[in-house]
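S.K.: Given chain A, work out where chain B should sit, using these hints.
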Amino acid sequence: MACFIVPVAEAVVTTAITKVVKSKESKLEALKVDTGNGTFGKELKIPFSRKLKWLNNMLWGGSFLLAFEHVWHGEVVPWFPFLTAASDPAEASVMLSETATVGVSMAALVTAVWGVMLLVTKAMEKKALKTQPASN
Amino acid sequence: MTLLITVFAAIICTVIWYKNAPKNEMKVGILCWMYWGASLMWLVDAVFEYAELGAEYFTPAPVDMLNDFFLGLSAVALGLVVWLAILLVKDPRGVVRTALFKKN
Numbered sequence: 180m181a182c183f184i185v186p187v188a189e190a191v192v193t194t195a196i197t198k199v200v201k202s203k204e205s206k207l208e209a210l211k212v213d214t215g216n217g218t219f220g221k222e223l224k225i226p227f228s229r230k231l232k233w234l235n236n237m238l239w240g241g242s243f244l245l246a247f248e249h250v251w252h253g254e255v256v257p258w259f260p261f262l263t264a265a266s267d268p269a270e271a272s273v274m275l276s277e278t279a280t281v282g283v284s285m286a287a288l289v290t291a292v293w294g295v296m297l298l299v300t301k302a303m304e305k306k307a308l309k310t311q312p313a314s315n
Numbered sequence: 038m039t040l041l042i043t044v045f046a047a048i049i050c051t052v053i054w055y056k057n058a059p060k061n062e063m064k065v066g067i068l069c070w071m072y073w074g075a076s077l078m079w080l081v082d083a084v085f086e087y088a089e090l091g092a093e094y095f096t097p098a099p100v101d102m103l104n105d106f107f108l109g110l111s112a113v114a115l116g117l118v119v120w121l122a123i124l125l126v127k128d129p130r131g132v133v134r135t136a137l138f139k140k141n
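Protein sequence lines correspond, in order, to chains A and B.
Note that the numbering used here has the first sequence beginning at 180, numbered continuously upward.
Note that the numbering used here has the second sequence beginning at 38, numbered continuously upward.
Please note that a few of the clues may not be correct.
As the list claims (entries may be wrong) - Think about it this way: if two alpha-carbon atoms lie no more than 20 Å apart in a straight line, the pair counts; the simulated SDA-like pairs of lysine to any residue are:
#1 Lys-230/A x Leu-90/B
#2 Lys-230/A x Ala-58/B
#3 Lys-230/A x Ala-88/B
#4 Lys-127/B x Asn-236/A
#5 Lys-230/A x Thr-51/B
#6 Lys-64/B x Leu-231/A
Stated by the list, open to error - With the C-beta cut set under 8 Å, the calculated list includes, among others, these residues of chain A facing chain B:
#7 Leu-244
#8 Val-289
#9 Val-299
The set of hints was computed from the structure by calculation and includes no laboratory data.
Heads up, the beta-carbon is just placed ideally off N, CA and C, and yes, glycines get one too.
In isolation and in its complexed conformation, chain A is listed as follows (with noise of 0.2 Å):
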C-alpha cells in the first residue's frame, strides 16, 4: 500500500550521509595491485562515499520502481492524500502496518545485500595491498 516509503526514507537519509562523507575525505589511498601477467597496475581505494552510493542508487531506483507498481494499482494518486488507503481510517491502519513490515523489510534487504557487498569490496582491497603495498 505505502511499503515503498521506508525505502524512500532510507535513501533521504544515506543521500544526506553521503554528501556530508564526500565532503570530508580528501585524499584517495593508492594500491599497488598484481595485474596478473607479471606486471602492477594502480588501483585506487574505494572511497566510502562511493560505497554510499550504491546504496543510494538501490534504494532510490527500488523504490521508484515500487513507486510505479503503487500507482499501477491505484495505491498512489496524484492528488492529496496521494495515498488511497489513507483517506479511510481502516485502511489506514492496513497501510501502517503493512509499511512497518513489509516496508521495514524491504529497506533492511537492501541494506543487508550491501553489507555483503561491503565486506565482499573489503576483502577484495585487503587482497590488494597484501599484494604489494604502494610505494608513494
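M.R.: Relative to the frame of chain A, chain B by itself:
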C-alpha cells in the same frame, strides 16, 4: 511475474555491464542498481505474499498473471526511459553537446 521480469532485466544489465567494464560510457550501471534494488524489494513483497497465501501464490489466476506481466514489462520500460534520460543529460560521449552546438 513482475519479480521474475525485473530479475531477468537485472541479470541481463549486469552481464552487459560486466562485458564492457571498466568502461562505463553507456552508464549501464544505473540500470543494474535500479533493477536489482526493485528485485530485492519485490522479493520481500513475494515472501510476505507467500507467507499469507502459501502454495496458492505459485498458481495465480491467468488475469492476474497477465496484469503482472504487463506491470513487469512497464516497470522495465520505465527503468529504460529513466536510464536514457540520465544518459542524454550526462552525455558521457559528448554526442548530444556536439549535435546541439554544431555549426552548420
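S.K.: Confirm or reject each hint.
M.R.: Against the structure, the hints come out as follows:
no.	hint	result
1	Lys-230/A x Leu-90/B	violated (37 Å)
2	Lys-230/A x Ala-58/B	holds (17 Å)
3	Lys-230/A x Ala-88/B	violated (33 Å)
4	Lys-127/B x Asn-236/A	holds (16 Å)
5	Lys-230/A x Thr-51/B	holds (17 Å)
6	Lys-64/B x Leu-231/A	holds (18 Å)
7	Leu-244	holds (4 Å)
8	Val-289	holds (5 Å)
9	Val-299	violated (15 Å)
The structure fails hints 1, 3 and 9 (numbered hints given earlier, in ascending order).
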